[in-house]
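Trainee: As a plain string of letters, each chain reads:
Number of protein chains: 2
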Amino acid sequence: MFVLGIDPGLSRCGYGCVRSDGPRRHAVAAGVITTAIDESVPSRLATLRAELHKLVSELHPDVVVVERVFFQTNARTAMSVGQASGVALLTAVELGCEVVEYTSNEVKLAVTGFGGATKDQVQRMVARLLDLDAVPKPADAADALALALCHLSTAPWARPSWPTPSRLDTAKGRESQVARP
Amino acid sequence: MFVLGIDPGLSRCGYGCVRSDGPRRHAVAAGVITTAIDESVPSRLATLRAELHKLVSELHPDVVVVERVFFQTNARTAMSVGQASGVALLTAVELGCEVVEYTSNEVKLAVTGFGGATKDQVQRMVARLLDLDAVPKPADAADALALALCHLSTAPWARPSWPTPSRLDTAKGRESQVARP
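Chains A and B are the protein sequences, given in the same order.
Counting in my numbering, the first sequence runs from 1 upward without gaps.
Counting in my numbering, the second sequence runs from 1001 upward without gaps.
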C-alpha cells in the first residue's frame, strides 16, 4: 500500500509518502510546500492546490491521509489551516484517492503508543520506523510521514510489527543512534 | 459592476449576485448550496467546489466577495467553515475573478451603518437596498447579498446613494413594509 500523508498549512504544508512492503515501511518522498506570505490568501490557496495536484498525480497514492484539524489558540492560524485542509481534502478526492483523516493524538498514539507524546518523540519514532539515519526535515515533512505511518498501523490489514512503546522507552542505546535535529 | 457574494459553509453555503447600475443595485441571483451531512467531508467539499465552479462560470462576476471567517465558539463548525471558505476562495481565483474578503462586522457597517447590527437588521436592509418585497430566503442567501452590497459600497468608485442609517432607524413606516421571515 502506498500512503501519502499531508500535514495541512497555508505557509507550510508538509507531505510524506510511505510504501508498505509487508511489515516494512519505506519513505518514498517527503517535503514541504510553501506559499509566499506576501501574496493574497486566494493566490496562496491556488498555489497550494496546484502543487498538491501535481504531487498526487505524480505519486498516485492509494490513500491520502490528512491531519484532522481542530480549534487552535491562534484563531488566524486555525482558519488558514482549515482552508489549507479543505484544499488538500478536495484535491485528493477529486483525483480519485481514498481520503482518511486522523487527529494529532491518533497519530501520536499510533506512532509512539502514547497519545500525549511530544513532537520530538513522534519525529524520532518516524525516523526509527522508516529506518532513516536522521529525523526527516523540515518538521512538517516528518509530521506528514507520521500521518502515513498512522494509517498503515491503524488500517487492520497493515498493522506493522514495530517495537512496542514500552520497549522503545527503555531502549536508550538505540534511541541515542537517532540523529537529533 | 457585477459582484457575487459567498457566505461560506459546508452544510449551507449562501450566494447572492448583485449588479450595480449607477446608484441602483439589482439582485440577479441568490440561493444556497447544500451538501449532505451523511457524506464524508472530502465528498462534500468536492460537491461544493463543483457547484461553485458552475455558479461562477455561469454568472461571470467581476468580483467575488467571500466572508472572512474567524474563530467561532463551535470549533467543529469553525473548521468546516474554514474548509468551505478555502474552496470558495480557490474556485474564484482559479476562474480569474478578483477576490475580496470582508469580515461580518465590515458587512454590517457597510450595509446598515452600524457594525453591531443584528442579522435581522442586516437582512431587512438588504431587502430595502435591493428594492425587494421581502427579505431574501434562506438567510444564507440574504447574508451573501449583504456581502455583495458591502463591496459595492466599500469600493470607492461605486458608493451607492442609499439612505443613511439614522434616517432608516426612524423610518418606521417604510420598515414595516419589509416582509418578515
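One or more hints might be untrue.
To be verified - Restraint-style ranges between C-beta atoms, simulated for each label pair:
{"id": "1", "chain 1": "B", "residue 1": "His1060", "chain 2": "A", "residue 2": "Thr103", "range": "38 to 44 Å"}
{"id": "2", "chain 1": "B", "residue 1": "Asp1062", "chain 2": "A", "residue 2": "Ala50", "range": "22 to 28 Å"}
{"id": "3", "chain 1": "A", "residue 1": "Ala134", "chain 2": "B", "residue 2": "Ser1057", "range": "22 to 28 Å"}
{"id": "4", "chain 1": "B", "residue 1": "Ser1043", "chain 2": "A", "residue 2": "Gly115", "range": "27 to 33 Å"}
{"id": "5", "chain 1": "B", "residue 1": "Ile1037", "chain 2": "A", "residue 2": "Ser40", "range": "39 to 45 Å"}
{"id": "6", "chain 1": "A", "residue 1": "Leu95", "chain 2": "B", "residue 2": "His1060", "range": "25 to 31 Å"}
{"id": "7", "chain 1": "A", "residue 1": "Ala134", "chain 2": "B", "residue 2": "Phe1002", "range": "50 to 56 Å"}
{"id": "8", "chain 1": "A", "residue 1": "Ala134", "chain 2": "B", "residue 2": "Lys1137", "range": "35 to 41 Å"}
These are computed hints drawn from the structure, not numbers from a lab.
What you are looking at is a predicted structure, and each value in this text was computed from that prediction instead of being measured.
We put the beta carbon where it would ideally sit given N, CA and C, even for glycine.
Trainee: Against the structure, test the hints numbered earlier, and report the numbers of the ones violated in rising order.
Mentor: 3, 5, 8
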